[in-house]
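Please model the entire structure based on the sequences and the hints provided.
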Amino acid sequence: MSLSCEHCGYKSNEIKGGGAIPSFGTKITLRVKDSRDLAREVLKSDTAGIVVPELDLELEEGGGMNGVYTTVEGLMKKMHGRLWAANPFGMGESSVVEQQHGDDE
Numbered sequence: 005m006s007l008s009c010e011h012c013g014y015k016s017n018e019i020k021g022g023g024a025i026p027s028f029g030t031k032i033t034l035r036v037k038d039s040r041d042l043a044r045e046v047l048k049s050d051t052a053g054i055v056v057p058e059l060d061l062e063l064e065e066g067g068g069m070n071g072v073y074t075t076v077e078g079l080m081k082k083m084h085g086r087l088w089a090a091n092p093f094g095m096g097e098s099s100v101v102e103q104q105h106g107d108d109e
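Mapping of the sequence shown onto my numbering: residues 5 to 109, in sequence order.
Hints in this document: simulated from the structure, not taken from any laboratory.
Don't take every hint at face value.
Straight-line distance between alpha carbons at most 27 Å, and here's what the computed DSSO-like set of lysine-lysine pairs gives [stated by the list, open to error]: (1) Lys48 / Lys82; (2) Lys15 / Lys82; (3) Lys81 / Lys15; (4) Lys48 / Lys31; (5) Lys82 / Lys31; (6) Lys48 / Lys81; (7) Lys48 / Lys15; (8) Lys37 / Lys48; (9) Lys81 / Lys31.
Everything numeric in this text was worked out from a predicted model, so none of it was measured.
Here it is, written out as structure tokens:
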């Protein structure tokens, strides 16, 4: 279900599963070769895991992300946002000054 509020700008494209979780999953492999591949649409269930071997990145099943219908690029941005929010050293006195205040200072 897609939700968009014209008043406040809130957007959500969260997917809720309506059936039982199958005993065996399906593995889908996508090799991104150019920018057009980033625009491919994907449906990630709330129980799916994601592996990006080129970045040595693995998101376990679920991984704290809800089900979502987006593009490959959108999924990568969501993963980046989750990692950024979960990084205890991304903010505070342990972070680099440029990260605290932006690169323009």
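Here is how each hint holds up against the structure:
1. In summary, the hint linking Lys48 to Lys82 is supported, as the alpha carbons are separated by about 12 Å, within the 27 Å threshold.
2. Proposed proximity of Lys15 and Lys82 is supported: the alpha carbons are some 13 Å apart, at most 27 Å.
3. With a C-alpha separation of about 15 Å, the suggested pair Lys81 and Lys15 falls inside the 27 Å cut-off, and the hint holds.
4. For the hint linking Lys48 to Lys31, the alpha-carbon distance of about 12 Å falls within 27 Å, and the restraint holds.
5. With a C-alpha separation of about 20 Å, the suggested pair Lys82 and Lys31 falls inside the 27 Å cut-off, and the hint holds.
6. The hinted pair formed by Lys48 and Lys81 meets the criterion: a straight-line CA distance of about 14 Å does not exceed 27 Å.
7. Taking the CA atoms of Lys48 and Lys15, the gap is about 17 Å. The hint holds against a cut of 27 Å.
8. Taken as a hint, the Lys37 and Lys48 pair is honoured in the structure, with Cα atoms around 21 Å apart against an allowance of 27 Å.
9. A threshold of 27 Å between alpha carbons decides the hint, and for Lys81 with Lys31 the separation of about 21 Å falls inside it, so the pair holds.
Consistency note: the structure conflicts with none of the earlier hints.
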